[in-house]
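*Asks:* In case you want the letters, here they are:
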Amino acid sequence: MAVQTEVPAGGRASATPRAHLVDPIAVAIRTRTPEDPAVHQRFAATDPSPGLDIARSPRVAKILRDRKFQFLMILPNQIIFWLVIGIGLLGTVVPGLNFATAITWYLWFALVFVMMVVVGRAWCAMCPFGGFGEWVQRHTFWKRKESGIGLGLKMPEKVAQYGFLLSVAAFLLLTWIEEFFNIAGPGNPASTSFMVLGIVGSALVFFLVFERRTFCRYVCPLTALIGTVGTMGSVAGFRTRDREVCQACTTKDCMRGDADGYGCPWYTWPGSADSNSACGLCTECYKACPSDNIGLFVQKPLTSVVAPTRRRADVAWSVALLFGLVVYQQLNALTPFTNFDTWLNNHTFFPHYPDPISYLGIIGAVALVMAGVAWLFERAFVSRDYVPAIGGRTFVDRTSKFRAYFVPLMYGIIPVVGADYFARQLPKFFQHVPRVPVAIGHLFGFGSTHSSLYNASLISSNAGIIAVQVGVMAAGTLAAMWASWRIAGRDLAPVGTSKRSVQVSAATFALVIGVITAVLYVLMNAAD
Amino acid sequence: MTITTTTNTPKGTERHVRVFVDRCAGCQECVIRCPVGALSMEPASWTAVADDALCVGCRQCERTCPFSAIAVEGPLAVTERFDPPLHQPVELRGNVEETRRGYDTWDEAIAEANRCLACPDPTCMRGCPAHNDIPQFVAAVRDHDLERAHAILRRTTVIPDICSRVCNQSAQCEGACTWSLAGGVPVAIGRLERFIADHAAVPAPAVAVASSDAMSVGVIGSGPAGIGAAWDLIEAGVAVTVYERDAVPGGLPIWGMPDFTLPDDVASRPWRQLVEAGVDLRVNTPIPAESIDQLLTIHDAVVVANGAGVPIRLPVPGADLDGVVDATMFLQGAKRALLADGDAVAFRAELGVADARGARVLVLGAGNTAMDVARMARRLGLEATCVDWLDERFALARPDELAEARHEGVEVRFLRTLTALEGDGRVERAQLAHTVQPERTKVPTVLKTTPDVLDVDLVVMAMGYRLDATFREALPTLPIVKRHVGLPHGRWSASGVLKNAASAYNHHSPVGALSLDREVGLWAAAMPQRERLWVAGDALTGPATVVEAMAQGRRAARAILDAHPARPDRAPEFRADHEVRVLVAYASAGGTTAALAGRLADRLSVAGALASVLPVEQVGAQELAAADVLVLGTWVEGLVVAKVHPAAAMRRWLATLPNLGAKPVATFCTYGVNPRGAGEELAQAVRSAGGVVIASETFGREDRADGARLHPTKTEAFANRIAARVITRVAAVA
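Top line first, the protein sequences correspond to chains A and B. Throughout, the numbering used here is defined as the position within the first sequence, counted from one, plus 76. Throughout, the numbering used here is defined as the position within the second sequence, counted from one, plus 8.
I should point out that these hints are in silico values taken from the structure, not numbers from a laboratory. C-beta: ideal position from N, C-alpha, C; glycine also. Check the hints yourself; a few may be wrong.
[Stated by the list, open to error] Okay, derived cross-link-like pairs now, BS3-like style, lysine-lysine, Cα gap no bigger than 30 Å in a straight line:
id: 1; chain 1: A; residue 1: K138; chain 2: B; residue 2: K507
id: 2; chain 1: A; residue 1: K219; chain 2: B; residue 2: K507
id: 3; chain 1: A; residue 1: K219; chain 2: B; residue 2: K651
id: 4; chain 1: A; residue 1: K144; chain 2: A; residue 2: K219
[As the list claims (entries may be wrong)] Covered, in the sense of this in silico footprint (three residues per stretch, anywhere, with C-beta under 8 Å from a C-beta of chain B), are these stretches of chain A:
id: 5; segment: 219-233
id: 6; segment: 443-451
Kindly produce the complete structure, drawing on both the sequences and the hints.
*Replies:* Quick look at the structure:
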């Protein structure tokens, strides 16, 4: 029951309240409006201009307001993924002919990366894993229900303070499993089914134990990757249109939920979001806002990399570790590494590739090199009288001189890491994506390994693939150099001695790792 | 604000506030609600930071954080509450002195007032059915200013002296007190209210100069709802006539509440003041349901506030034996018998228990009425046993009342239910079966084990009351169900009161949910149940509390003052000063209907109405109550060849519509191809909800077009038609 007559934005103001409607409750709340004179300045760099609000179009607004919108986004993927599970288990064992492996490893992975780089969390808005868990948790496909099922616990702070790092661990584990069982090789299609089932199952467990999208925010193996690389994307997500309205809002329905929408499942407040990293594009806040004060904004590419004021240590470490992983995946295609891994397996009595020691060792080493470089930056540039702000005691809000350099530098190399992941997927995509229609045809009784399409590739020559990979790396490197230059100028220069030299050094750092990874692609010779 | 914290905090008693910076979104909900300013914003990370040294451990931040990103550890920093000891008569028999005592001295009151945190978003006010501004009157006590305290109370209540004695504060204001929600002992709000009422006279109504042709309102019943209604009406210069069935006005607090809880002198205070203020009180004037129409011809409005006075009787074998009476009869007789000049012996003889020694009264029920009956019985010198089939954990009586009754020697047996009464002409034995009740919301189940057998000399049925059947027939929408449906408004969830922690003080009643339900009753009181007929108090909701009835009576009175109803024979001048409020409510998908609704509203404003536009989802009882005229618009859906309906959103909304009380309603549909019967379906739904359809129209594509050369366009014509029906009286005078 509405206790106070709210004036709907866009509508006419309600008539002046009548005597019997002046509820003492409404007048007796003596909370003040939050005030902060610096608020505009703080969000100035990250707030998209009002002109970039695509929800201003009545057509878009109507779609976003429809409660079925997210359901319809998820539904096609849901159908495809249950087909993947079923066909992977029951279909042909020829990986290239099996719908499950073909669509998952030849097409889907590449598509997710494109969406990530172009949009941000576009995949999250249509993800069948989270979608399935959410349907069960809310026990509805699209309606706003008052109650949910499950325990509704919150993530223990001991874990939650590490932000994306739990997701990175999950991603490392999943990748290792995938390499060990050669799932993406692609190996036995049933393995793909089991992997997908495993993700759906664990997602479901998390959705039933924890509240909201705790799984997506902390645990999902892809969330750290999308949350870091996705910041390159050009969709800023759902943001406030007028921050003063949000600050004065007495109900915060976007966070708590109301009759029209659930509270943000991702723990993001449109009033303070300064990055697209934690906006799952689920439209709930847009639906719930009583003041029609939330828009869906687009932004210039890389804005969420360069502009945020609040930089997070978990994001930085995630970037370093994820970079380690992709470098590992480049190295594992090289003969010297294969020999080394075999040697290590023989001496550690491990059955076969990939040896966990070399796996974690290389990833850890790369991350430590990143940290080492940041440490060198700090030694070289930090100003004598710089004292870090007083932080907290948890992982996310601790502060140090090292972090003052490490965190911004890692943000700066996000484009090169993103490009690296994308380039790594390209051989499989170019060589095998024509198999997807063959695999679909195979379901209906035509299409075989002998068909010309099955043996076709988009780019057949290794040189061609390498050229594209190097091109992607070049673009990523240029973007990273630009981002590093900007970030260094804004975040590193104020705490250091020389603005220009720290900018040059940061850009050079991005260039160096870009060149190294590009060289690795040449050496890999388009191996998938 | 005075917060008592010990300076030498012993180890293990420090408070620690943890902000989970990973989840904290910097919305400042906690910052603006912290009563002691312990929270502020960290500019770099844009998250909240806490100063542990200032924290008092009230946990409001925890309850209000939308993302549960803050946690408080450690005990509450609050002094111990002082409750004056009960007044325990040496000789109970014949003694009707008040047992519960208020604060005697300023020191006691101020010490208690100092426990109040003056929360910026006071949950206690939501817990109070009348929404008394508790932090403000507590602050007035702290300032030694009882006049101001009374002025603050007067904004929301006219019977602070009665409420502070008879309210179950533990399930209302005190149950919703921040300290209580945090698991501690709440501020003694009831005692402070009583301190104000006892130490400075409750001000009499400020009577406006009555004009000769003032609005005339009839009030049926003089209980708390009638008092509330009459008070606000007489203060607004309305001619109020109150019809009371009994010889003494005051309703249940007068005839049903014993002197040891509520002294007669206090209970009769409002009527002394109201009669003096000029309320035309007609005692010994019962109004049967069939006479309501007649009253409506002589009054501009009528408030039905005659309560729920029919005692419920348990239909068990032997219920018709001698010595089985109902609570009303017992309470009225006992109250008279226990007066200074009363004759207890004669009353006992009337009950058939002339020899009091060892005579046992079986009281059915263990609610507040049953407690009153049992304690009265003790004062008449009888033994008393109360039985209730509920579990004691979910008992309906006030916890302190229950404790007092037991202290006075009343035996209370929970999880028992009466299955049969036995006796030869007069009741002698009662069979009491065992029951179980695992949850508060579950109805107890009766076990098949051997029942207890109790020798009894008198049985009093005190399970509660219900509405008079003839009134239920005359007003079939009553009693309303006080159940809040749908998600509560954001202000409720923002206050944190719904995240109710079970503390000893709200004894298994989720205070937040209860108070939300009570809001339904309050808004229903503002809605007329028929044209010019309002209902308030127990008559509206079934048996409830004194404070709710009073608040509903006031709400109904203010609704009457707003609606300015007029009986048919009034001169046009009587209606002139009232502007017509039109609410245009629409269900729109593509914005077409919304745009049309907007144009209609514009048109109606031009015609002199005060028009507002809202989508139907945002229209609740409160918005309906505010509107004199309703315009409903919807788009239509369905297959032209099959059947066309009003939009689903509109149909859903219509299904939840409360009784419209003969409100004038205009309906319109917008359609693409052919509306078929959708317009009529909409009008029919309005009629079945008790509305009067004054105009109905459908708008096709061409009809909606702007810039038509012919004026009036169809939209304008429709608006004019509505205006002609409802705004004529304004126009006639102008």
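*Asks:* Are the hints correct? Go through all of them and say.
*Replies:* Results for each hint:
1. A:K138 to B:K507: The hint is violated at about 34 Å.
2. A:K219 to B:K507: holds (23 Å)
3. A:K219 to B:K651: Roughly 26 Å separates the two Cα atoms, so the pair holds.
4. A:K144 to A:K219: The hint holds at about 8 Å.
5. 219-233: holds (count 4)
6. 443-451: violated (count 0)
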